[in-house]
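J.: Modelling step: build the complete structure from the supplied sequences, incorporating the hints.
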Amino acid sequence: MKPVVRLPGVAPLLLLFSVTVLGLLILLPLGVVFQQAFAKGLSAYIAPLLDPDAQAAIRLTLLVAAISVPLNAIFGVAAAWTVARFEFRGKTLLLALIDLPFSISPVVSGLVWVLLFGAEGWFGAMLQAWGVKIIFATTGLVLATILVTLPFVARELIPLMQAQGADEEAAALTLGASGFITFFRVTLPNIKWALIYGVLLCNARAMGEFGAVSVVSGHIRGVTDTLPLHIEALYNDYDFVGAFAVATLLASLGLVTLVVKTALEWRFADELAASRRH
Amino acid sequence: MPLEIKSLSKAFGQYPALKDVSLTAADGEFLALLGPSGSGKTTLLRILAGLEQPDSGEVLLNGEDFLSESIGARRVGMVFQHYALFRHMTVDQNIAFGLKVRPASARPNRKAIAARVDELLTLMQLEGLNRRYPSQLSGGQRQRVALARALAIEPRMLLLDEPFGALDAQVRRELRRWLRQVHDRTGVTTVFVTHDQEEALDLADRVAVLKDGALVQMGEPHQVYADPATAFVYDFLGPACRLSAVVAGDRLTVADWTNAAPPGAPSGKVELYFRPNDVSLSPADGPGFSAKVLHAGVRGASGKIECAVGEVILELEAAVSPRPAFLSRGADIRVLPNRCKLYPSAD
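Heads up: the sequence lines are chains R and X, in that order. First residue of the first sequence: 1, per my numbering; consecutive thereafter. First residue of the second sequence: 1001, per my numbering; consecutive thereafter.
Treat the hints as calculated values from the structure; they're not laboratory data. The reader is advised that the hints may include incorrect statements.
A short list of chain X residues far from chain R (calculated; beta carbon distances all over 10 Å) [to be verified]: (1) Ser-1056; (2) Met-1078; (3) Lys-1111; (4) Thr-1122; (5) Leu-1175; (6) Arg-1176; (7) Asp-1212; (8) Trp-1257; (9) Asn-1277.
Short derived list, chain X residues pointing at chain R, Cβ under 7 Å [to be verified]: (10) Tyr-1015; (11) Leu-1051; (12) Gly-1098; (13) Val-1293.
Every residue gets a Cβ at the ideal spot worked out from N, C-alpha and C, and that includes glycine.
T.: Take a look at the structure:
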């Protein structure tokens, strides 16, 4: 146990302040979401969820996450492995690029795809000639989501893999293991929990992303609206109960993510410690 | 199996890590690579393991080209400095790993693997620890698991990188003798890297001293210790006293003392090296160069005598129980090195 130092007078104030802020900014809105959703009873809560457009939005959100999260997991492992295992020129640049989506606005992350693949974009005419639709279609939503969630997995893995070093992999190789066996039996088990942790955060963001997908979606109800976009559409229609009912789905996803994340942190504190140092 | 290394060179960018190193190890020999950090000893070991590729040179094991073999086909047992045990596997699983990953045609069956693991657990005195994870073991136990894992594949050669580096002094001494016994029992040609001269001299059949990527000296421990090839080796192998001296003709002059120069001594300005515990001390009218005692302290059976020879302060060790009367602070004494080495002066 680390010794605890209390600053007399200051400690209670700081505690009170943080609890108040937490309550006002997080618990209160969360409560409002559920209160509004159930404002007109259970049947009024369930109806918007069974609406065909809402069902389509749920399916689309799951599809986009199902494509973009695994791709990001693979990219994250590959990028982290490259950064942690090799010294090369431009490594700092690569790290900065991985972090870039954290620092640019999601709207920009969406807009770049429109500029590239939209009707007026660089490849717009070419794609139109081939009959390929990227913007205002699922492909565009996946691209925008991948870009926004790019750092999540890699950022979890890089510090851990750097801390672990390459010795275990080297040992496996000298013991006669092939590259594939080494990767699947040594590398992957060693980063397993950090990888799951990263995928979890990545998934939460992928399903909840609004800005970037809003730009590329085109807002065709029942076709290109994901859950967050569907919520906005309902809200703009003054269907508050509907909007908040669907919003409870996203809020629940957030709560589940939080619980699993906390459980992981509690169970595998040592293995995740390295990645929490950044 | 006999190992032959021929003019091996390796550079990392501009920095040469190994410079034209050639050495051999006989079948079943225990060879120490001794050198300070940055001397290239670990690089040499990693080249043998297949973890690095040399820029030029040859390595033959049992007369066959070793460098062209893949890392897995080399079948060397490597013990890493920090053991590199698989942290998510138990002791059992760690030891069995090298056997389990073999292609189906070459893999022993489950029973044979279990038997081999049991045999190694016994040899390494690890019985009862087989279900533990590396994090639940002490440093010494981890080291033995690492060794068991390396031996499980019946290696053609055993490579140890600073095997005792991460252990405390007590465990280190115990494991040292024990490692030698394991080596003698298995008879595997062993190369081990260390920066600890005492360890190398105590344990190895032969010692190769490396400095700045080059081989400085190679020989049996007693030879290397008795006749260090360079001043660096002399310094590195143990505490050393150094005095400037001059060889003119067949006469050696150290401070105010002139004597017959040893045969084969370099001429002109030289550096005289001797061990601080290998001296004869006598009163001012005795043999040797004169020195003034600055401090005479007792440390166990031997005493530390600090004395000044002109500008140079020497720290000598001598038996001081009972302490001779002439060894008092401020006294003028004579110091006669029993054995010394002369090296050409660097400047």
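J.: If you test the structure against every hint from before, which numbers come out violated?
T.: Of the numbered hints given earlier, those the structure breaks are 2, 10, 13, listed in rising order.
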